[in-house]
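Trainee: Okay, here's what each chain looks like letter by letter:
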Amino acid sequence: MRHRSAVREVSLDLVTIAVLFLLLVPILWVFVASVRPETDITGGGLLPTRFTFDHYAAILAKKPFLIALKNSLIVGITVAIITTALAMPAAYALSRFTFHGRNFFALLILGTQMLPSLAVLVPLVVIVRQIGLTNTLTALIFTHLALGMPIAVWMLKGYIDAIPKELEEAALIDGCSRLGALWRIVVPLIRPAIIAVGTFAFVLSWGEYLMALALISKSDVKTLPLALQGLFDPYSFSWGQVMAGGTIIAMPAILLFLIFRRQLVGGLLAGGVKG
Amino acid sequence: MAFETTTRLAPARPRRRSIVPDFLLPYGMIGPAVFVAFAIAIVPLTYALWLSLQDWYMLRRPTPTFGGLINYKQLLQDGPLWAAFGRTWIWTIGTVFVELVLALPIALLLNRESAVARAASALILLPWVTPFIVLGFGWRFLLDSDVGPIHALLHAIGLAGDSSILNDPVGAFAIIIFISGWKGTPFLVIALLAALKSIPDELYEAAEVDGAGPVSRFIHVTLPEIWNTAITVGLVLGILAFYSFDLPWIMTKGGPQDATTIVGIAMYKAVFLDLRPAYAAAISIVMLVLLFIASLFVLKLRRRS
Numbered sequence: 001m002r003h004r005s006a007v008r009e010v011s012l013d014l015v016t017i018a019v020l021f022l023l024l025v026p027i028l029w030v031f032v033a034s035v036r037p038e039t040d041i042t043g044g045g046l047l048p049t050r051f052t053f054d055h056y057a058a059i060l061a062k063k064p065f066l067i068a069l070k071n072s073l074i075v076g077i078t079v080a081i082i083t084t085a086l087a088m089p090a091a092y093a094l095s096r097f098t099f100h101g102r103n104f105f106a107l108l109i110l111g112t113q114m115l116p117s118l119a120v121l122v123p124l125v126v127i128v129r130q131i132g133l134t135n136t137l138t139a140l141i142f143t144h145l146a147l148g149m150p151i152a153v154w155m156l157k158g159y160i161d162a163i164p165k166e167l168e169e170a171a172l173i174d175g176c177s178r179l180g181a182l183w184r185i186v187v188p189l190i191r192p193a194i195i196a197v198g199t200f201a202f203v204l205s206w207g208e209y210l211m212a213l214a215l216i217s218k219s220d221v222k223t224l225p226l227a228l229q230g231l232f233d234p235y236s237f238s239w240g241q242v243m244a245g246g247t248i249i250a251m252p253a254i255l256l257f258l259i260f261r262r263q264l265v266g267g268l269l270a271g272g273v274k275g
Numbered sequence: 276m277a278f279e280t281t282t283r284l285a286p287a288r289p290r291r292r293s294i295v296p297d298f299l300l301p302y303g304m305i306g307p308a309v310f311v312a313f314a315i316a317i318v319p320l321t322y323a324l325w326l327s328l329q330d331w332y333m334l335r336r337p338t339p340t341f342g343g344l345i346n347y348k349q350l351l352q353d354g355p356l357w358a359a360f361g362r363t364w365i366w367t368i369g370t371v372f373v374e375l376v377l378a379l380p381i382a383l384l385l386n387r388e389s390a391v392a393r394a395a396s397a398l399i400l401l402p403w404v405t406p407f408i409v410l411g412f413g414w415r416f417l418l419d420s421d422v423g424p425i426h427a428l429l430h431a432i433g434l435a436g437d438s439s440i441l442n443d444p445v446g447a448f449a450i451i452i453f454i455s456g457w458k459g460t461p462f463l464v465i466a467l468l469a470a471l472k473s474i475p476d477e478l479y480e481a482a483e484v485d486g487a488g489p490v491s492r493f494i495h496v497t498l499p500e501i502w503n504t505a506i507t508v509g510l511v512l513g514i515l516a517f518y519s520f521d522l523p524w525i526m527t528k529g530g531p532q533d534a535t536t537i538v539g540i541a542m543y544k545a546v547f548l549d550l551r552p553a554y555a556a557a558i559s560i561v562m563l564v565l566l567f568i569a570s571l572f573v574l575k576l577r578r579r580s
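Read top to bottom, the protein sequences are chains A and B.
When the letters of the first sequence are read in order and numbered with the working numbering, they come out as residues 1 to 275.
When the letters of the second sequence are read in order and numbered with the working numbering, they come out as residues 276 to 580.
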């Protein structure tokens, strides 16, 4: 709103900073603890005395953690690629064609977004068990597709809607096929959105806990969230190491989100999203 | 590109033809995504319904047999389960309450053009994008009776004794509800902020001309304009809260003494500890039905425009 004094603006800014700090301090504390010496943490002081990467070195020397890191990368990257590859043509079809059942399909895809993992957990676990895919990354990848795909379709559709049809029509007249036009005209134009969508799918899979917990019990197929849980070793347990592991899980999510915030926020609001 | 050869431009082709006839093309394009949605939503939900009608206690028999309504009959008499349902409503309403109470003032605070407000509306999303597993362990650390600074704070103001608040049934439930609300707050802030920014300045000017003070302007202009956003997003967040599992499981595994056992945890235990998947499926069907009814009531709260 208009006519507000400078003093008022500055004091509101200060309040904003204070509120933001209070909201974020629990997360900051995780990061800080991950670079503090263990004696510092158990000592209970608020200010770190020394900066150290010991905790990171310690967990990266643990074989189960490294295996989990690898598994999480495999699952996350596969999920990102498949999600984008499925969402892009679907979004294009919803944006450009009118066809029988279009609204039904749109509703079905968006409806999946509103369905929490827990609502389909029991049947999925039983199905996966009966087809013998328990303790495989394949099963996990498949269930993780549901995390990001609906929102991916929705966001990409919005971006495609904004591209003038004339561009593709020109390409079609020049002898391009419909799919050729999609690949050569549409995809290059919305590349940032495509990357954002893939990133988002990766991040959701990277931190996913419930499905992994339900489908995976063997250590060679565990993902990072499960490995983090495994760090609670009753004999040699270190808060610093758990927080370092937590930071490794949180960082990609936070960084990628801040980078692609502009592309993602609109989509988040449009579809609501699994937290 | 290989197919960009001279044959493609041959004059013998009056119309462009592809391998798939045109009317099938949209189905081919949307098909894979629909298949995934089908396999991950419709199939499991249908299967859950079928499963809930089976008699299947895995310790007794390896395969399900038809049991009719046996699970639902047991479910109606399952006291601890209904206690968990009761907790889940408190949890859901509590979470959304915390979200509304925190998000509304913050959204009003961020609805300014300053650089700080803009940076803050980006950074505020951190709790929302940080995975539960990290937040859960982070808060366990913060509330730990030996090393947690927030435990020290709660101890100092008398809310926690010598052991962590997570060991106290009432305290644990309350604090985890708060954490659940804290995690969801940013989402509501961003939604409310978008709604606030779309209110035309003229409405405020008109109210000012009519002599309305800040409080009256908030009640008569701001609140009605953001009401529907708050209800809709509140419902989305409420559904997510109703289906919570990660946070209470990571923090307390449903304890102490079932104090944080919400339905999600009861259902998980029914499958993985009691080995009764059919019973768990019945629980998930009942959850769906109750949630559907509750959602209809919430949607009634929306203002007609």
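These are calculated hints, taken from the structure and not from any lab test.
Hints may contain errors.
So the derived label-pair ranges between C-beta atoms look like this [unchecked claim]: (1) Thr338(B) - Gly111(A): 41 to 49 angstroms; (2) Phe547(B) - Gly175(A): 35 to 43 angstroms; (3) Gly132(A) - Gly436(B): 33 to 41 angstroms; (4) Gly132(A) - Phe547(B): 15 to 23 angstroms; (5) Lys63(A) - Ile317(B): 34 to 42 angstroms; (6) Leu22(A) - Pro499(B): 27 to 35 angstroms.
Simulated crosslink set (EDC-like; lysine to aspartate or glutamate; CA at most 20 angstroms straight-line) [claimed, not checked]: (7) Lys63(A) - Asp220(A); (8) Lys528(B) - Asp443(B); (9) Lys165(A) - Asp353(B); (10) Lys544(B) - Asp353(B); (11) Lys472(B) - Glu9(A); (12) Lys472(B) - Asp13(A).
No residue lacks a Cβ here, since even glycine has one placed at the ideal position from N, Cα and C.
Trainee: Does the structure keep Lys165(A) and Asp353(B) at a Cα separation of 20 angstroms or less?
Mentor: 59 angstroms, violated
Trainee: Please check whether Gly132(A) and Gly436(B) have a Cβ separation lying inside 33 to 41 angstroms.
Mentor: 50 angstroms, violated
Trainee: Indicate whether the distance between the beta carbons of Gly132(A) and Phe547(B) respects the range 15 to 23 angstroms.
Mentor: With Cβ atoms ~18 angstroms apart, the hint holds.
Trainee: Is the straight-line distance between the alpha-carbon of Lys544(B) and that of Asp353(B) 20 angstroms or less?
Mentor: 14 angstroms, holds
Trainee: Quick check: does the Cβ-Cβ distance between Lys63(A) and Ile317(B) fall within 34 to 42 angstroms?
Mentor: 41 angstroms, holds
Trainee: Given the hinted pair Lys63(A) and Asp220(A), is their alpha-carbon gap at most 20 angstroms?
Mentor: Holds, at about 10 angstroms.
Trainee: Could you say whether the range 35 to 43 angstroms given as a hint is met by the Cβ separation of Phe547(B) and Gly175(A)?
Mentor: 58 angstroms, violated
Trainee: Holds or violated: Lys472(B) and Glu9(A), Cα atoms, limit 20 angstroms.
Mentor: 17 angstroms, holds
Trainee: Is it true that Leu22(A) and Pro499(B) lie within 27 to 35 angstroms of each other by Cβ?
Mentor: 30 angstroms, holds
Trainee: Is the hinted pair Lys472(B) and Asp13(A) satisfied, with a Cα-Cα distance of at most 20 angstroms?
Mentor: 18 angstroms, holds
Trainee: Just to be sure I understand the hint, the distance between the Cβ atoms of Thr338(B) and Gly111(A) should be within 41 to 49 angstroms; is that true here?
Mentor: At roughly 31 angstroms between Cβ atoms, Gly111(A) and Thr338(B) fall outside 41 to 49 angstroms, so the hint is violated.
Trainee: Is the Cα-Cα distance between Lys528(B) and Asp443(B) 20 angstroms or less?
Mentor: The hint holds at about 14 angstroms.
In summary, the numbered hints that this structure violates are 1, 2, 3 and 9.
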